[in-house]
Amino acid sequence: MAKNTNTPKNSANKQNKKNGKRNLVILILMFLLLVCLFVVQCQLNKVKQQALEEQKLAELALRQKEILDSLRAEQAKADSLKALEDARITDSLRRADSLRTADSLANLPKVNKDSLKHVRDSIRAERKARRDSLDALAKNEKAKQDSLDKLREAENLRNSDKVPPTAEITPPAGRYYSPIKLKVKCDEIKCKTFVSIGDTLNPQDASKPIDYNKTGSVFFLAEDSVGNRTAWEEAKYDMASDNICGKNAYPVPVGGKTVCVDAYEYPNQPDATPKDMVSQEEAARICKNEGKHLCSIEEWQAACRGKDGFKYSYGNSYKQSKCNTNTKSAKRSGRKTQCRSWWGMNDMNGNLWEWTSSTSKQHPDKYLVAGGAWNTNNESSCSESKFSFYPQNQYPSVGFRCCK
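Residue numbers (numbering that gives the first Met the number 0): 0 to 403.
Read the hints as simulated data drawn from the structure, not as lab findings.
Owing to the predicted nature of the structure, the values given are computational and were not obtained by experimental measurement.
What you were told as hints is all true, and nothing was included just to trick you.
Okay, derived cross-link-like pairs now, EDC-like style, lysine to aspartate or glutamate, Cα gap no bigger than 20 Å in a straight line: (1) K149 to E65; (2) K76 to D131; (3) K182 to D198; (4) K335 to E187; (5) K207 to E233; (6) K81 to E140; (7) K184 to D210; (8) K81 to D134; (9) K213 to E232; (10) K64 to D145.
Hey, can you work out the whole structure from these sequences and the hints?
So, in structure tokens, the structure goes:
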């Protein structure tokens, strides 16, 4: 007698396989359904975008039609006035000819001569008035056409320009020891600028300087002529009154002590030409004669990096417009107003390399310079330079600043 191989266990296995296949089919169908829904949604979004664009074009066409209808109405009015003028002139000439036919001018009484002269003067005056009216209508038509052209140009510009402007606040964030005047600059000609003190809830116009003397945050943005707007940016200010360093020098915490660092490259005067072609030995001697010392690399870097330890005096990312790092020569001190560290030092990135009193670890007979020059681009950082120089040599791209 043959055995029955169709045991309950085998039946269960077959049933499980069927269920598995059915579940797989269901999953595939659900996946295909989701793909279809995604494709449909994409098409709907595309149709919606096309509808919005068509609506904008329809609105522009409607505005253009209204202006053209107005121009046609003005032209019809001008044609009507011209026809009326021609008719009146013709009628006046006919009356004058009738007078001349009836009697010669020599035989007319004086009163009739005066009357005829008055008629002629009236005709001339009316002609002039009509010409002036036609000229005015022509000018009005041209003005409306110019307005229409500007409208089309503005609409085309608005549709093509999607890039927001660049905004920067002056003076930049940092510590200050006297009241300042805030102003927001924009890199485009027609631009609106705004600031909001403390938060972004109370924007005010920043095209004119705003008096400021408060520790805290100031938010700012810019909007170009076609409505592209920057995001709110934050600038933090610390308004202090305890400058112990005197004129053109500010305190910097370095290794648990306070060092007074010159605000500008020597001769430490705003708008002065910084001194180059000076050896490290001469720079150290000049600082000593002024009761100061040539800054060490630690002092120099602390002044450059600010309280937040930035890579550049203005932040952690290189921005070519901030400092003089991509030109052909050094600029006068302080001309690049955005090139200011938190503590108040100007031109620490770019302009001139600056001698320090620190020697190179690899070459003890050479001294370090810091900050980069006018042509070193993103290598003009606050970090220690990879270059070093002999102390007795002079270079056209190397200057210095003093500390105390």
